[in-house]
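Residue strings, one per chain:
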Amino acid sequence: GQSLEQPSEVTAVEGAIVQINCTYQTSGFYGLSWYQQHDGGAPTFLSYNALDGLEETGRFSSFLSRSDSYGYLLLQELQMKDSASYFCPMNRDDKIIFGKGTRLHILP
Amino acid sequence: NAGVTQTPKFRILKIGQSMTLQCTQDMNHNYMYWYRQDPGMGLKLIYYSVGAGITDKGEVPNGYNVSRSTTEDFPLRLELAAPSQTSVYFCASTESRQGNTGELFFGEGSRLTVL
Numbered sequence: 001g002q003s004l005e006q007p008s009e010v011t012a013v014e015g016a017i018v019q020i021n022c023t024y025q026t027s028g029f030y031g032l033s034w035y036q037q038h039d040g041g042a043p044t045f046l047s048y049n050a051l052d053g054l055e056e057t058g059r060f061s062s063f064l065s066r067s068d069s070y071g072y073l074l075l076q077e078l079q080m081k082d083s084a085s086y087f088c089p090m091n092r093d094d095k096i097i098f099g100k101g102t103r104l105h106i107l108p
Numbered sequence: 001n002a003g004v005t006q007t008p009k010f011r012i013l014k015i016g017q018s019m020t021l022q023c024t025q026d027m028n029h030n031y032m033y034w035y036r037q038d039p040g041m042g043l044k045l046i047y048y049s050v051g052a053g054i055t056d057k058g059e060v061p062n063g064y065n066v067s068r069s070t071t072e073d074f075p076l077r078l079e080l081a082a083p084s085q086t087s088v089y090f091c092a093s094t095e096s097r098q099g100n101t102g103e104l105f106f107g108e109g110s111r112l113t114v115l
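Residue numbers (the working numbering), protein chains in the order written: chain A, 1 to 108; chain B, 1 to 115.
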């Protein structure tokens, strides 16, 4: 079967670091992406991991372990504007499947 | 470039009416997708297309139809609208199955209410 799991909610403090985990189970896996979505807006692309390892883009980093079917998004120096939902859709064959996402709450 | 353009942005339908959500992209992307997002929920794949003339069902295709006569356009048709189809609909496109970066380009969304 196929599945995609993320925590439903995560809370962190402004200026801190937070990690959002993502585990998946699927065949025909091509890569793991991360998207951010603010309330009322469309999802916006953050990063993509096709190979194992860490990808860094500014304050955001994303990690993938294909052998563990696991990835995470690391957000550093959290800002209030990072309050949003985060998704790790699977690229499976020709489909891009989103899960329920993780709601990130930032406390001042 | 305009990217991915969806119309209309807002629409209210009566139960049983039909309508078409338009989606067009000017990036010459082969892959296009339609998602729906209910309040507080994730995105669910309705239909997708890997190129002109080719479409396939996603996770929640019932009550919808699509066509892909050109690379640019991927309209989504709702037949016999039901309250359960009240949602925000997003159209997205990407260069290829894997893509250079895996990036999906999204439209701004179409907010549909069925009463």
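One should not assume that every hint holds.
Below, a list of computed lysine-lysine pairs in the DSS-like style, where the Cα atoms sit at most 25 Å apart [claimed, not checked]:
| no. | chain 1 | residue 1 | chain 2 | residue 2 |
| --- | --- | --- | --- | --- |
| 1 | A | K100 | B | K57 |
| 2 | A | K100 | B | K9 |
| 3 | B | K44 | B | K9 |
| 4 | B | K14 | A | K100 |
| 5 | B | K57 | B | K9 |
| 6 | B | K57 | B | K44 |
| 7 | B | K14 | B | K44 |
| 8 | A | K81 | A | K100 |
No wet-lab data here; the hints were simulated from the structure.
Hints, verified against the model:
no.: 1; hint: A/K100 with B/K57; verdict: holds, 20 Å
no.: 2; hint: A/K100 with B/K9; verdict: holds, 23 Å
no.: 3; hint: B/K44 with B/K9; verdict: holds, 19 Å
no.: 4; hint: B/K14 with A/K100; verdict: violated, 29 Å
no.: 5; hint: B/K57 with B/K9; verdict: holds, 24 Å
no.: 6; hint: B/K57 with B/K44; verdict: holds, 11 Å
no.: 7; hint: B/K14 with B/K44; verdict: holds, 23 Å
no.: 8; hint: A/K81 with A/K100; verdict: holds, 21 Å
Taken one by one, the earlier hints fail for this structure only at number 4.
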